[in-house]
Amino acid sequence: MRNEVIRWGRGGVAALVLVGLVVAPWVVDDYTTAILARTLALALVGVSVALLTGVAGMPTLGQTAPYAAGAYACAVLGSRISDVGVVQVAVAAGAGAALAALTVPLVVHARGVIVLMITLAVGELVVTVLGRWRSVTGGTDGLAGIPAVRPFWGLPVLATDQARYLYTLVVAATLVGAVLLLLRTRAGLLLRAGRDDETRLRASGHRVPLLVSGAHVAAGAIAGAAGSLLVVAQQYISPADFGFDTSALLLLGVVIGGTASVGGALVGAALVIAARDWLFGVLPGHAPLVLGALFVATVYLLPSGVDRARLRPRPTDVPPVHPDRPAVREHAGAAPELRT
Amino acid sequence: MTPLLDARDVQVRYGSLAALAGVDLSIHDGQRHALIGPNGAGKTTLLNVIAGATRPQRGTVVFGGRDVGRLGPAARARRGINRIHQRPAVFSTLTATENVVVAALPRVIPQRRWRPGGRRRAAQHRAGPLLEQMGLADVASVPAGHLAHGQRRQLEIAMALAGRPRLLLLDEPAAGLSATEVGRLVELLRALPRAVAVLLVEHRLDLVYALADTVTVLRDGQRLAAGTPDEIRTSPLVRQAYADGVA
Ligand SMILES: Nc1ncnc2c1ncn2[C@@H]1O[C@H](COP(=O)(O)OP(=O)(O)OP(=O)(O)O)[C@@H](O)[C@H]1O
Ligand SMILES: [Mg+2]
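Chains A and B supply the protein sequences, listed in that same order.
Counting from 1, one number per residue, gives the positions in the first sequence under this note's numbering.
Counting from 1001, one number per residue, gives the positions in the second sequence under this note's numbering.
By construction, these hints were calculated from the structure, which means they are not laboratory data.
As the structure is a computational prediction, the values presented were derived from the model and not from experiment.
Don't be surprised by glycine CBs; every beta carbon is placed ideally from N, CA and C.
Warning: the hint list may mix true and false statements.
To be verified - Anything over 10 Å on all C-beta distances counts as not near chain A; from chain B, calculated:
{"id": "1", "residue": "Arg-1008"}
{"id": "2", "residue": "Ala-1051"}
{"id": "3", "residue": "Arg-1058"}
{"id": "4", "residue": "Gly-1072"}
{"id": "5", "residue": "Arg-1083"}
{"id": "6", "residue": "His-1085"}
{"id": "7", "residue": "Val-1090"}
{"id": "8", "residue": "Ser-1092"}
{"id": "9", "residue": "Arg-1115"}
{"id": "10", "residue": "Ala-1191"}
{"id": "11", "residue": "Ala-1210"}
{"id": "12", "residue": "Asp-1220"}
{"id": "13", "residue": "Glu-1231"}
Stated by the list, open to error - For the chain A half of the interface with chain B, some residues (derived, Cβ under 8 Å), not all of them:
{"id": "14", "residue": "Val-27"}
{"id": "15", "residue": "Leu-190"}
{"id": "16", "residue": "Ala-193"}
{"id": "17", "residue": "Asp-196"}
{"id": "18", "residue": "His-206"}
{"id": "19", "residue": "Leu-211"}
What the hints assert, rightly or not - Partial list, computed: chain B residues near chain A (C-beta under 8 Å):
{"id": "20", "residue": "Thr-1093"}
{"id": "21", "residue": "Leu-1094"}
{"id": "22", "residue": "Arg-1119"}
{"id": "23", "residue": "Arg-1121"}
{"id": "24", "residue": "Glu-1132"}
Take these sequences, add in the hints, and give me the full structure.
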């Protein structure tokens, strides 16, 4: 009953937010609209972070790597070959997935903090490569003047900020919907099971490395697709868009939003990005400090995030049983029987 | 007749401690084999070696006529070695039903392969009756983390059975269960098809004698004795081992 109410409540909030997002470009100015479009792209990367961190239980700091791969693939494609949106999204997703697949061998057997360090290193490596590989990426100057996108063959190019914003909204909403559907399938169930107890998953006969690889590649594809949205939103990209601060902010947003929920991750990532942009204006130079403090407060006060903070009761207490040393009580009755 | 499982000369060392010092164990199809011994005898370690969770330093494990020594736990589970852990291992945020569905998935055959969700539906079909059998039907949609200790253990048994085992490894399945639950467990194990062989680690000897047709006694990582329940019950060696182990 209570769960029903919560479900309906959440559905209502989601619907309101969606309506707000659709009407936003007619309410705010062009500049804000463009910022909103960029925030949508980042929120979509946040969803890919949530998929790994929350759903699969593998915190990551490296989703900026496939995000960058997708963005640059889209920018090069958009400048030289095709301005068709669906092609750009598909190619960007493919580039993100390919980059993730390349790094899978590094992370498939590692867990926890090690993964954070490896993914962080991969993200930084990608930024370095972007800065050096001038012929393709334009180096630290980045790529500018990327032509506007047309969503589909035969449609006009999107010449206004409003139109480009609505394009990013439609693509982001479609991909979030796809992720939500994915989570309802067998794969989603197995990812959640793996987060709970990987050893048990293996003992039941599941190929955990395959599952982990699949999750990384899928998250890479989503981040890559988000990269193509950034290109549409800014029409300009540079390595600075994909730095460590972005990864850290996204992880922060996902943790604040509730790692296990895609909706929470979206809201959390969007809020954190908005907070950064706002703080950047009012407290120049101090934004990272404030966000860092926020992060520490979040992790300590709300271990399961805003979304779940009050909804999930604690599991019933387990009698303390050491894995290999069960309570002596259970054994006491056994031996005397033999002696009789 | 070649045994279903044949473990030979299994040795596992932790530093200077020999948890298993060259143990042989074979289990035939349909056998009900109990493994007993005092705390620290190496029972759980032997189960881990059979299930592929622990690599022995020496020794071989042959299952179904094939050397499975190089296979990990997942591959062995797919070949039919299923287990429950000494400390119940379940997926705590998944409901009881979802737990059993996950456990059933690797070995279900969907009715129509090409229909999306077919495997999941087939697994779902297996889950219902198993939960019913374990007395968990009422809590089928409760997250496993919210279940009581005894219920979690029963859930893990349902999960092990959902994997269609040829060899079921049970590490102290009765620990922490109420009298009613133990009764249900004994009934369930008795009713298992003969095609399923069972290796039961249990400290409650009444259960061992009620269920097993063969008993192996371990102590200090070595096989002390093996035989029928009657032989073991009357063996002075075994009594001595238990008396020492408990003292
Ligand atoms: N991972 C490990 N690291 C170090 N020592 C271990 C490890 N696992 C088991 N041992 C030791 O190996 C010996 C055998 O342990 P095992 O768990 O197999 O005993 P057991 O017969 O199952 O005992 P119990 O009845 O208490 O469950 C014990 O002395 C134990 O402390
Ligand atoms: Mg044990």
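We went through each hint and held it up to the structure:
1. Arg-1008: 23 Å, holds
2. Ala-1051: 7 Å, violated
3. Arg-1058: For Arg-1058(B), whose nearest Cβ neighbour in chain A is about 21 Å away, the distance exceeds 10 Å, so it holds.
4. Gly-1072: 7 Å, violated
5. Arg-1083: Arg-1083(B) is in fact no farther than 10 Å from some Cβ atom of chain A, at 6 Å.
6. His-1085: His-1085(B) is in fact no farther than 10 Å from some Cβ atom of chain A, at 8 Å.
7. Val-1090: 7 Å, violated
8. Ser-1092: Ser-1092(B) is in fact no farther than 10 Å from some Cβ atom of chain A, at 5 Å.
9. Arg-1115: 13 Å, holds
10. Ala-1191: 22 Å, holds
11. Ala-1210: 12 Å, holds
12. Asp-1220: 15 Å, holds
13. Glu-1231: 13 Å, holds
14. Val-27: Since the shortest Cβ distance to chain B is 39 Å, the answer is violated.
15. Leu-190: 7 Å, holds
16. Ala-193: This interface hint holds because 5 Å falls under the 8 Å limit.
17. Asp-196: Interface hint status for Asp-196(A): holds (4 Å vs cutoff 8 Å).
18. His-206: Because about 6 Å separates His-206(A) from the closest Cβ in chain B, which is inside the 8 Å limit, the hint holds.
19. Leu-211: Cβ of Leu-211(A) sits 10 Å from chain B, so the hint is violated.
20. Thr-1093: 5 Å, holds
21. Leu-1094: Since the shortest Cβ distance to chain A is 6 Å, the answer is holds.
22. Arg-1119: 6 Å, holds
23. Arg-1121: Violated. Min distance 10 Å.
24. Glu-1132: 20 Å, violated
Of the numbered hints listed earlier, those contradicted by the structure are 2, 4, 5, 6, 7, 8, 14, 19, 23, 24.
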